[in-house]
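**Q** Sequence:
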Amino acid sequence: MGAFVGVVVGSKSDVGVMQECIETLERFGAAYEMIIASAHRTPDRVAAYIEEAEAAGAGAFIAAAGMAAHLAGAIAARTTKPVIAVPIANGALNGVDALLSSAQMPPKIPVACVAINGAINAAYLAVQILALSDPELARKLLDDRQSVRVQAEIDSRPLEVRLSRR
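Numbering (the working numbering), first residue to last: 1 to 166.
Since the hints were made in silico from the structure, they are not lab data.
Even for Gly, the Cβ is constructed at its ideal location relative to N, Cα and C.
Misleading hints may appear alongside valid ones.
Below are the DMTMM-like pairs computed for lysine to aspartate or glutamate, each with C-alpha atoms no more than 25 Å apart in a straight line [what the hints assert, rightly or not]:
| # | residue 1 | residue 2 |
| --- | --- | --- |
| 1 | LYS81 | GLU54 |
| 2 | LYS81 | GLU33 |
| 3 | LYS81 | GLU51 |
| 4 | LYS108 | GLU51 |
| 5 | LYS81 | GLU160 |
| 6 | LYS81 | ASP155 |
Label pairs and their calculated CB-CB ranges [what the hints assert, rightly or not]:
| # | residue 1 | residue 2 | range |
| --- | --- | --- | --- |
| 7 | LEU159 | HIS40 | 44 to 50 Å |
| 8 | GLY91 | LEU132 | 34 to 40 Å |
| 9 | ASP143 | GLN104 | 35 to 41 Å |
| 10 | GLU23 | ALA92 | 25 to 31 Å |
| 11 | ILE35 | LEU159 | 43 to 49 Å |
| 12 | ILE109 | GLU26 | 37 to 43 Å |
| 13 | PRO158 | ARG27 | 42 to 48 Å |
| 14 | ALA55 | LEU93 | 23 to 29 Å |
| 15 | PRO106 | ARG41 | 43 to 49 Å |
| 16 | GLU160 | ILE109 | 44 to 50 Å |
Build the full structure now, drawing on both the sequences and the hints.
**A** What follows is the structure in structure tokens.
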């Protein structure tokens with residue numbers, strides 16, 4: 001098996017948001033595995049998983065967590081593989097706290113961060129990372145990008161209004 005994406009979800013309540021991520025990875029045929037592990041409630045599980053996943057060939061990690069979202073940082077502290085944070089909208093600040101926790105990492109321990117509940121973009125970013133060494137995934141990304149362009153033009157046609165040119 002080639003490189004895969006390790007998806008770590010901070011709690012069961014975050015799995016629903018991550019469904020779009022999983023569906024996107026599956027659509028591209030990108031290998032992945034997903035577990036629930038918390039930076040706060042199960043830090044030893046997080047550490048053990050990162051070690052096991054790296055040994056098995058993980059090429060990138062996606063970490064989804066809400067509120068005091070330290071999961072992506074806890075993963076990044078244990079690997080040099082790319083880590084993508086998905087801040088989850090919950091709690092009193094509706095995900096803004098998770099966004100800031102994910103984006104404000106200390107120097108030299110970077111975490112890529114997508115939008116609040118940005119599960120689809122996390123999957124796309126992970127696929128782009130794996131595609132650096134997987135020509136088939138790279139081709140699928142190019143095909144997908146082309147289909148997005150074509151669909152945007154199709155969607156525009158019935159709405160387009162142009163100045164009459166004399």
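**Q** Does each hint hold? Answer for all of them.
**A** Hint check:
1. LYS81 - GLU54: Answer holds: LYS81 to GLU54 is near 8 Å, not above 25 Å.
2. LYS81 - GLU33: This hinted pair holds, its Cα atoms lying about 15 Å apart.
3. LYS81 - GLU51: OK: LYS81 and GLU51 at ~11 Å, within 25 Å.
4. LYS108 - GLU51: Satisfied, since the Cα-Cα distance of roughly 20 Å is no more than 25 Å.
5. LYS81 - GLU160: violated, 45 Å
6. LYS81 - ASP155: violated, 38 Å
7. LEU159 - HIS40: 44 to 50 Å: holds, 48 Å
8. GLY91 - LEU132: 34 to 40 Å: holds, 35 Å
9. ASP143 - GLN104: 35 to 41 Å: Between ASP143 and GLN104, where Cβ atoms are some 36 Å apart, the hint holds.
10. GLU23 - ALA92: 25 to 31 Å: With Cβ atoms ~30 Å apart, the hint holds.
11. ILE35 - LEU159: 43 to 49 Å: Cβ of ILE35 to Cβ of LEU159: about 44 Å, so the range 43 to 49 Å holds.
12. ILE109 - GLU26: 37 to 43 Å: With a Cβ separation near 30 Å, ILE109 and GLU26 fall outside 37 to 43 Å, so the hint is violated.
13. PRO158 - ARG27: 42 to 48 Å: violated, 27 Å
14. ALA55 - LEU93: 23 to 29 Å: violated, 37 Å
15. PRO106 - ARG41: 43 to 49 Å: violated, 23 Å
16. GLU160 - ILE109: 44 to 50 Å: holds, 47 Å
In this structure, the hints that do not hold are numbers 5, 6, 12, 13, 14 and 15, in rising order.
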